[in-house]
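Those protein sequences? They're chains A and B, same order as listed.
Numbering follows the working numbering, in which position 172 of the first sequence is assigned residue number 172; successive positions increment by one, without gaps.
Numbering follows the working numbering, in which position 309 of the second sequence is assigned residue number 309; successive positions increment by one, without gaps.
One should not assume that every hint holds.
[What the hints assert, rightly or not] With a straight-line cut-off of 30 Å between C-alpha atoms, the simulated DSS-like cross-links for lysine-lysine are:
id: 1; chain 1: B; residue 1: Lys236; chain 2: A; residue 2: Lys184
id: 2; chain 1: B; residue 1: Lys68; chain 2: A; residue 2: Lys269
id: 3; chain 1: A; residue 1: Lys269; chain 2: A; residue 2: Lys184
Think of the hints as simulated: they come from the structure by calculation, not from any bench.
These are the residues of each chain, in order.
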Amino acid sequence: MTTLKQATPVHTFLAMLARDVRVLRREMFTFLSRTLMQPLFFVFVFAYVMPRIGGGDGFGRVAGVSFATVLVPGMLSTTMFISGLMAVTVPLMMELSYNNEIEDRLLAPAPVWLLGLAKISSGAVQALIGALVVFPVVYFVHESAQPPQIDLTDWPLLTVVLVVSSVLSAGLGLLMGTMLDIRKSNVLFSLVTVPLTMLGCVYYPWAALQSTQWLQIAVLVNPLVYSSEGLRTALTPAMPHMPTWSFLLVLLGGTTGVVWLALQSFARKVRR
Amino acid sequence: MAVLAAAAGSDAAVRTVGLAKTYRSAHGDVLAVRGLDLEVARGEFFGLLGPNGAGKSTTIGMLTTLVKPTGGSARLVGHDVVTEPVAVKRRIGVVSQNNTLDRQLTVRENLEFRGRFFGLSGRAAVRRAQELLDLFDLGGRAKAMVYELSGGQARRVMIGRALMHRPDLLFLDEPTAAIDPQTRINLWDTLRGLHEQGQTIVLTTHYMEEAETLCERVAVVDDGRLLACGTVAGLKDEVGPGTLVSVTFDGPADPVAAAVRGRAGVDRVEVRGATIRLFVRSAQNVVGDLVLAGVAVGLTVRDSATVPPSLENVFLALTGRDYRE
């Protein structure tokens, strides 16, 4: 009986992650289909079907490389972002509405910020799993004459960009989940996820926007841009990309800021 | 005895001093709780009784760290709810008014994960969950998802979940609201059983009957204030004026009041239009005397009622309002 009361916040934190893993395992099929379908069909149409229609060469060559090469980092970054965001925002909005299910977590013996951090961590793990399962799909699905030219040599940079981006996406998810009302969730996804991905340097490298300079500057407010460019630098260094220091600076600084803001917002939201 | 234990100091299960909560909003401030002094002793079954909107849930919210007080202080088993929320949370189990079970988990998982949140090892959580499933007769529903449960089952799971870490204090916020009568009686048995084993319980209810049946001591609250606090019997004796006799005539009842005022055994007389209310120690012959007094001044009786000593009368005596108003 006395041992129970010695539970440290770390125990609580780990138990919450364990709970999320249990739920994820049960809903693996839903998770995989939600994560995989969009990138799978996207690369199928744009890296396989379209090049064949265009005679194998005409469609989507950017800076002399195949469109598949552009898509691999882009699809990875966008999958991570959407997975991380959704993994935190959707359950949180449910827990905050109707029955105030969030109370279940708030009563656990840990400070409120740690409960928010558990949500971010769990979302980040789901974002990473999303990236891992999508990689083979975007790597192997393409027109045979136009394979993506991937150069998997800079492992440290790849790891840093993947981890930081996953935390950033989950942090944004927590921030959005605490700021937005579930009744407006439909609008949210069309207003947030569509511009995020379309203008996130997913389908084109940032450097290619120099022909439309106002847009090249405007997209800099989009966090996904830095994640896409980071992965582009790590995976397809031959493509034009942002300088390494710039996206690392924004990713690290932005993630710290977003996580801090999200934890504040979460604490304000749940403590009446 | 309970009162003595409560006076023992910081070891009281609950001690609040001037506890207050004001919700600020653009539409003006809402004074939900206006300075509450409460003490609950360990091992006690304590009730917070009041109509909807009296401030009971806000009070429970503050005691369980979910609502931030705007005034006063509250200590649970010696720990301050504002400065030591984690220590407080380790010692309490809470059953809230809504179904806050984890919808993505089964009944068993709801219990097991709650245990693990509180530091139980996986194996210990499994064992404790099984104990509680057996205790609450939920073995057959262990694998059910939350949305498959009936209202009464969900409530039992919530109580079980709140007990996973063997809390010093169990809070229940309106545990039998929106629950059918049979299930309510079963839940009462369950709570009584827990209390007999030494569990300290604090519950809120707007059902007089529930407070009378279960609680050793009751705090009557209304409009965010404490009206009275004591044992149910004590409240009936001291505050409660015994039996209430109410008679309605076909005209203003003032002349009747003049006739019965000062009569032996009548504690209080109230007149509201055609209705006269007497708080008496014994209801014997009172209605008959009122009828005769009415006839004497040319009034005919339209309606009459006799309500035996109850918390309902206590509330009426304290607020001058009917409980269900």
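Hint check results:
Distance restraint check for Lys236/B and Lys184/A: the Cα-Cα separation of roughly 52 Å exceeds the 30 Å cut-off, and the hinted pair is therefore not satisfied. Restraint check: the Cα-Cα separation between Lys68/B and Lys269/A comes to about 12 Å, which is no more than 30 Å; the hinted pair holds. Annotation: proposed proximity of Lys269/A to Lys184/A holds, straight-line Cα distance about 17 Å (limit 30 Å).
The structure fails to meet hint 1 from the earlier list, while all remaining hints are met.
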